[in-house]
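As given, the protein sequences belong to chains A and B, one line each in that order.
My numbering puts the first residue of the first sequence at 1, with every later residue one more than the last.
My numbering puts the first residue of the second sequence at 1, with every later residue one more than the last.
It is worth saying that the hints were derived from the structure and are not from the lab.
Glycine included, C-beta positions come from ideal geometry on N, C-alpha and C.
It cannot be assumed that every hint is accurate.
Unchecked claim - Covered by chain A, per the in silico footprint, the following chain B stretches (three or more residues, Cβ under 8 Å):
1) 71 to 85
2) 93 to 99
3) 102 to 112
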Amino acid sequence: MTSVERAAPIAFGLIGLGLWQGAVSSLHVPVYVLPGPTAIVAAFWIDHTSLLISLLSTLAVTAAALVAAALLGMILALAMAASRVARAAIQPWAVVLQVTPVVAIAPLIIIWVNQQFAALVVCATIVAFFPVLSNTAAGLAATPPELADLFRLNGANRRQTLFLLRLPAALPYFLAGLRIAGTLALVGAVVAEFVASSGGFAAGLAGRILEAGYRLEIPRMFAALTLLALAGITIYAALGSFERAVLRRFGAAS
Amino acid sequence: MLRLTGAGRRFVNGTIAFADIDMRIDAGEFVVLLGPSGCGKSTLLRLLAGLDVPDTGTIVWNDGTPPAPGDIGFVFQDATLLPWASAEQNVHLPLRLAGKSFSETRNEVRATIAQLGLAGFEDAKPASLSGGMKMRVSIARALVSRPRLLLMDEPFAALDEFTRHRLQDDLHALWREARTTVVFVTHSIYETAYLASRILVMTPRPGRIAAEIPCPLPDPADRRTDPAYASLTAQVTETLRAVMPA
Ligand SMILES: Nc1ncnc2c1ncn2[C@@H]1O[C@H](COP(=O)(O)OP(=O)(O)OP(=O)(O)O)[C@@H](O)[C@H]1O
Ligand SMILES: [Mg+2]
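Can you make the complete structure from the sequences, with help from the hints?
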């Protein structure tokens with residue numbers, strides 16, 4: 001990537017922000033309809049403690065859900081790779097969970113799991129685990145057949161084949177799934193927070209967004225949305241760097 | 001060493017890879033299987049390795065015991081190394097699978113690596129090695145367990161001519177020294193004539209052994225330029241012409 005290419009998205013964003021500010025000011029658009037960037041920054045500055053605490057709460061749910069999704073996806077993929085019966089048993093239910101909108105099941109989960117944080121983590125995990133599961137399962141199934149023959153020829157047992165061949169061969173697939181799961185976990189966390197807010201639990205950013213909406217504090221709403229977008233981009237980029245670092249360390253990067 | 005009688009292999013989709021193959025491999029031979037693409041050479045090697053079983057016929061090992069893990073070394077067309085493991089770890093793999101730690105087999109691993117001209121590259125990952133060096137690692141991995149039988153499936157087909165010649169030279173030298181029994185599959189007449197102590201020519205699918213050419217090439221300093229080598233390649237070419245349908 002050249003330096004021009006690196007600078008391009010930033011320049012594009014700054015130009016967009018400038019045009020936005022210019023249009024809002026020159027057309028005298030009221031802040032309760034569309035605030036300009038300066039109004040949003042000002043709203044953030046006034047309320048930054050409460051917004052950042054809410055962001056932390058959302059990120060805590062996201063991180064816990066990502067860890068849970070990684071473990072759950074990996075364990076289910078291993079079970080599916082180990083036995084055809086397990087594969088047949090798990091696959092349709094994984095798809096059912098994947099296609100059911102989390103907004104629809106979140107109220108139930110919040111009732112069943114009567115600890116708020118845990119309930120949110122469960123919802124976000126349901127949203128996030130599928131890419132880990134399907135990617136890891138694909139990776140475990142894609143072991144190079146010649147290497148599998150080599151292991152057989154040398155009398156490898158199942159445990160050796162799993163730990164010395166199949167799992168390491170699936171690692172790049174798992175990491176790619178994890179990167180997708182990271183942003184999905186954030187989406188799942190916020191959706192679950194929206195549902196939970198109606199029940200009075202409003203620690204996360206979704207709570208701030210709803211609250212600002214009720215009070216017509218539109219700049220504050222935009223400030224919360226901006227934080228959310230930045231968090232999503234950061235999670236995606238961080239997991240991308242993590243993926244590259246692990247693969248480089250592992251010598252498996254092509 | 002082993003004898004194949006009436007061996008045939010027919011896949012579930014109806015493809016008959018080969019039929020009615022009789023062959024004998026004696027200890028210390030370098031047998032080259034030469035045949036056109038798709039005539040079942042790879043399938044035959046997998047059968048010798050015990051990775052596949054014949055539908056008809058039998059395979060009998062002379063001493064009566066089928067090969068144990070580590071008795072057979074296999075070299076594939078691609079190096080098929082573990083990309084996350086160093087050259088040394090890749091070579092150690094067969095011993096590791098036999099439950100032997102690296103520290104107790106360090107000398108064997110290092111010696112095999114040196115034998116293949118890889119000294120100094122013990123810690124290199126496959127991605128940083130050239131095609132020829134990867135193939136050397138692959139051969140070292142096949143030899144490290146001191147196999148009774150070394151099976152090689154077009155190991156040099158993907159290499160450039162220079163690298164191929166050097167690897168053929170080194171393989172030939174290794175074989176002359178150790179006299180490991182080798183069954184080597186190739187499409188190349190020149191490779192066949194250069195390496196073989198006996199040549200088996202196969203017909204197109206369904207493959208059969210169409211001709212057998214014993215080749216006691218003398219061992220002059222430079223086989224490639226020896227007149228006997230030229231006349232052997234001519235003989236192999238004529239045999240192929242006689243065997244292949246027009
Ligand atoms: N598992 C399988 N199921 C069905 N057909 C197969 C299978 N494996 C191989 N074949 C077919 O059997 C035939 C012989 O295959 P094989 O790989 O042994 O040939 P080969 O002589 O090694 O060819 P090449 O020189 O191209 O490597 C081919 O036509 C191939 O398509
Ligand atoms: Mg083949």
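Status of the hints after comparison with the structure:
no., hint, verdict
1, 71 to 85, "holds (count 9)"
2, 93 to 99, "holds (count 5)"
3, 102 to 112, "violated (count 0)"
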